[in-house]
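Asker: Chains as they are written, first to last, in our numbering: chain B, 1 to 395; chain L, 1 to 104.
Think of the hints as simulated: they come from the structure by calculation, not from any bench. Ideal placement from N, C-alpha and C gives every residue a C-beta, glycine not left out. Be aware that one or more of the hints could be misleading.
To be verified - So the derived list for chain L, only partly shown, Cβ under 7 angstroms to chain B, looks like this:
hint: 1; residue: Asp12
hint: 2; residue: Pro84
hint: 3; residue: Gly92
hint: 4; residue: Leu94
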Amino acid sequence: MSAKEKMPASADRLATEAETVIVGGGIMGLGIAYELAKRGRSDIHVIEQEYLTSGASGRNGGGVRMQWSTELNIRLMQESIEICRNFASELGINVWLRQGGYLFLIRSQEELGRMEQTVALQNRCGVPTRILTPQEALRIVPELHPKGFVAACYNPRDGVVFPWPFLWGYAHAASELGVHIHTYTKVTAIEARGPHSFVVTTSKGAIRCERVINCAGAWSPAIAKLLGIELPNHPHRHEILATESLKPFLNPLVSVLSSGLYFSQSMRGEIVGGITVPDVDDGQVHLGSRLRFLEMMSAELLSVMPCLSQVRVLRQWAGPYDVSPDGLPILGEPDAVPGFYLACGFVGHGFMMAPVIARHYAELLCGGPRHPVFDRCRLSRFQNGTSEKEVMIIG
Amino acid sequence: MSEKCIVCPCEDVTLADVEQAIGLGYLDIDEVKRFTGLGTGSCQGKLCMVTTCQLLQTAQSADSQRQARQPEAQKVPHPFTPRPPVVPVSLGVLAAGKGADRER
Ligand SMILES: Cc1cc2nc3c(=O)[nH]c(=O)nc-3n(C[C@H](O)[C@H](O)[C@H](O)COP(=O)(O)OP(=O)(O)OC[C@H]3O[C@@H](n4cnc5c(N)ncnc54)[C@H](O)[C@@H]3O)c2cc1C
């Protein structure tokens with residue numbers, strides 16, 4: 001087989017020189033590679049230590065929403081969902097986007113007070129979120145336990161995608177545009193020889209380049225450390241399950257922020273959902289599955305939707321959240337190392353952010369307009385004392 | 001012919017689908033699973049795993065460049081990560097165990 005036919009699973013050889021090396025073949029790395037190639041950049045190498053979809057990008061719930069507490073995230077996600085809507089024609093893939101809305105259940109008056117403010121902000125940005133009474137929410141999901149909540153927030157334009165085809169779509173489109181993707185190839189060292197001059201050592205050889213982009217998700221602190229940079233984000237195991245398939249009945253993704261529960265019905269009919277389970281954070285990525293999660297998840301899910309008690313769980317798995325201290329990503333070049341770019345700290349919402357972040361990142365790197373997100377999300381904000389936090393985080 | 005030969009009956013994945021994945025260079029079962037969706041249905045891979053491993057064994061041994069191309073890849077076909085529970089268990093049964101005193 002020729003190298004061409006092998007694409008995008010893995011390119012045959014690593015070049016000795018390149019313009020850009022991207023560490024990590026998740027949605028962020030592949031998205032940025034695709035957007036760069038689309039703007040005419042060639043000479044891009046994506047290095048992935050395992051297979052594509054092996055990180056958080058192949059393990060997530062596929063939720064995409066505009067309901068956020070910061071104007072930055074609201075506006076980014078309005079744009080991202082618009083990009084997703086055009087993926088079928090742009091990338092020639094069906095990402096199974098289904099805009100059934102997100103329904104956040106509110107359990108206390110105090111929480112309702114806070115949500116009224118965030119909903120007002122969303123409305124000012126043009127997001128049609130509404131606060132619903134329990135009766136109104138029951139019209140959208142009649143199976144909900146009517147006693148469990150005092151109100152709900154609902155935006156009919158939020159939705160879910162199927163992460164796998166989304167990632168393959170980016171990978172194949174990038175590879176068709178000439179991006180070199182190296183799977184089962186690990187980055188083991190990075191040396192800065194000067195501004196915009198690096199040597200990246202991998203298990204397949206070394207490559208000199210002008211620019212390195214750290215898209216290693218939960219592994220990104222370890223990659224930054226190769227250059228002596230300490231990042232404040234850390235990995236956190238997040239577990240999730242899928243049940244047997246049911247006839248389509250559940251339109252929105254339902255979430256309870258106070259417990260970290262969320263679930264939706266996939267286009268394949270399964271109920272897919274997770275919940276936050278406390279874990280020891282020792283700086284390592286842990287992907288084992290625990291019975292404790294199954295029990296907590298089932299109990300909380302049934303308290304919200306008792307009618308699911310006979311439905312059987314088919315499988316559970318875990319993925320790594322990449323948790324940043326203020327819930328916002330970490331982007332751009334740290335001052336100390338020009339040419340080393342960060343695209344990490346996306347917590348539990350990096351999948352939905354990837355289309356918009358990848359697009360603006362590529363614009364920035366090609367000398368185009370600088371989106372405000374790059375000033376707001378610099379690494380140095382953590383030294384300077386950060387301002388606003390994103391609080392509508394599941395997990 | 002291979003369009004009519006089913007490898008994964010739960011998710012309707014055909015031999016042609018698996019051959020396409022292999023043709024793109026996806027030679028590890030974890031990639032084939034996520035590219036075709038095989039093994040994610042109600043039997044969780046019990047019916048398709050052996051056939052898929054055999055197909056991958058043939059493809060891997062025909063590819064002398066694989067080690068150079070993918071140095072971190074496993075050298076022999078392997079099952080994909082088994083996901084608990086071993087057999088489907090209802091949410092009601094699982095919820096009843098909440099609060100039980102155990103380590104994991
Ligand atoms: C269970 C779960 C549910 C989630 N639900 C949602 C959701 O509903 N909506 C949403 O938007 N987001 C969700 N997320 C978050 C989302 O999945 C992530 O934010 C997103 O996938 C991050 O993408 P990434 O490309 O930054 O990281 P990843 O996909 O983790 O990619 C990083 C890659 O870097 C590779 N790598 C690491 N070290 C090296 C090295 N030394 N050399 C080479 N490669 C290396 C890894 O193997 C990995 O493939 C969820 C996450 C989890 C775990």
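Asker: Taking the hints in turn, state whether each one holds.
Answerer: Consistency of the hints with the structure:
1. Checking L:Asp12 against chain B: minimum C-beta separation of about 11 angstroms lies over 7 angstroms; hint violated.
2. With 7 angstroms as the threshold, the beta carbon of L:Pro84 comes within range of chain B, its nearest partner Cβ sitting at about 5 angstroms, so the hint holds.
3. Satisfaction of the interface hint for L:Gly92 is found here, the shortest Cβ-Cβ separation to chain B being roughly 3 angstroms, below the 7 angstroms cut-off.
4. Hint on L:Leu94 holds. Least Cβ distance to chain B is approximately 4 angstroms, under the 7 angstroms limit.
The structure is inconsistent with hint 1 alone, although it conforms to all the rest.
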